[in-house]
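Protein chains in written order, with my numbering: chain A, 1 to 131; chain B, 1001 to 1170.
It should be emphasised that the hints constitute simulated quantities derived from the structure, not laboratory data.
A portion of the hints provided could be inaccurate.
To be verified - Simulated crosslink set (SDA-like; lysine to any residue; CA at most 20 Å straight-line):
#1 B:K1089 - A:R20
#2 B:K1089 - A:G19
#3 B:K1089 - A:S111
#4 B:K1148 - B:E1042
#5 A:K103 - A:C72
#6 B:K1089 - A:L24
#7 B:K1089 - A:P12
#8 B:K1089 - A:S16
What the hints assert, rightly or not - Listed next, the stretches of chain A that the computed footprint assigns to chain B, with coverage defined by at least 3 CB atoms under 8 Å from CB atoms of chain B:
#9 7 to 17
#10 104 to 110
Cβ atoms here follow ideal geometry from the backbone N, Cα and C, with glycine treated the same way.
Chain by chain, the residues run as shown.
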Amino acid sequence: MALDVLIVDDSPAMRSFIGRVLDLSGMEIGERLEAGHGAEALEILNKSWVDVILTDINMPVMNGEEFLTAVCARGDLRTVPVVVVSTDSTGSRVERMMSLGAKGYVKKPFSPELLRGELERVLEVSHGGNE
Amino acid sequence: MVGTSSDQAHEAARPREAARVERCLRESVEEVLETMFFLTVEQEVDWAEVSAKEHLFAEMDFQGAAEGRLELAVSADLAPMLASGFFGKDESELSEAEIRGVVCELANMLCGSVLSRLESGSLFALGAPQMMTSDLEKLSRMDPGHRKVFDLGCGDVKTCFWMWREPEEA
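With the hints as extra help, turn the sequences into a complete structure.
Below you can see the structure in the form of structure tokens.
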């Protein structure tokens, strides 16, 4: 089953890079949606269902922490795993994001294999490997 | 006036701290360039050696457990090469905005990587990277900070890192 993915990052360059990595990963990717910040991502989620969300932390308007909190507070999005993809990989930040409800964490810079591995791990845990 | 033993210990620790910051800077540049761009640093060179070359500049501020800034200069011959690898496009197909976007993203990844190595147990708020309007040469003459130049064979990357408020010691 193809995965519908939402990429949330204020850098168009990084959104494009993550999209390209997903396309080349060998995973079956369905719809690929993009947002430049958390508020824009929430608008997209009001209209579209996705299987997984990849989000940055440092963004204007609504940052990754606020976005993650909003997603986890919404009952209809409870089963959608959020993976943080960020340059900020201090132990304190990783711990904070995981405690807010993130299911995975990928530190930039990352290799395509690392992103794929983390996505597979998170989806396996979230959906019990029943894809 | 004779300094206290605490002052003397602090002074003695300065070169060690500078060496640690510069090591983190070097490791971060190597990791980011190899992982995201498949490029290897050939050698470190002197700042003056590449000053005359044309560069694209980006800057990035951070706050939190410490405040500071990372400034980055990517030589004009290297920047399109980085963008080409990042977007998977031929250099001739790249827009100026795409090239600038990749230079900013490089600054973003370097800053995050350096801070993660220096202060893994602290929380930082990273600003948005932006193309720089100030003069890196002028700034670095006023306060050189921790600066390094990396030669990749196909171009160079200059980095300046400042920490204006050191993290409080535990």
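Against the structure, the hints come out as follows:
{"no.": "1", "hint": "B:K1089 - A:R20", "in the structure": "11 Å, holds"}
{"no.": "2", "hint": "B:K1089 - A:G19", "in the structure": "14 Å, holds"}
{"no.": "3", "hint": "B:K1089 - A:S111", "in the structure": "18 Å, holds"}
{"no.": "4", "hint": "B:K1148 - B:E1042", "in the structure": "13 Å, holds"}
{"no.": "5", "hint": "A:K103 - A:C72", "in the structure": "11 Å, holds"}
{"no.": "6", "hint": "B:K1089 - A:L24", "in the structure": "14 Å, holds"}
{"no.": "7", "hint": "B:K1089 - A:P12", "in the structure": "15 Å, holds"}
{"no.": "8", "hint": "B:K1089 - A:S16", "in the structure": "11 Å, holds"}
{"no.": "9", "hint": "7 to 17", "in the structure": "holds (count 7)"}
{"no.": "10", "hint": "104 to 110", "in the structure": "holds (count 4)"}
The structure fails none of the hints (numbered hints given earlier).
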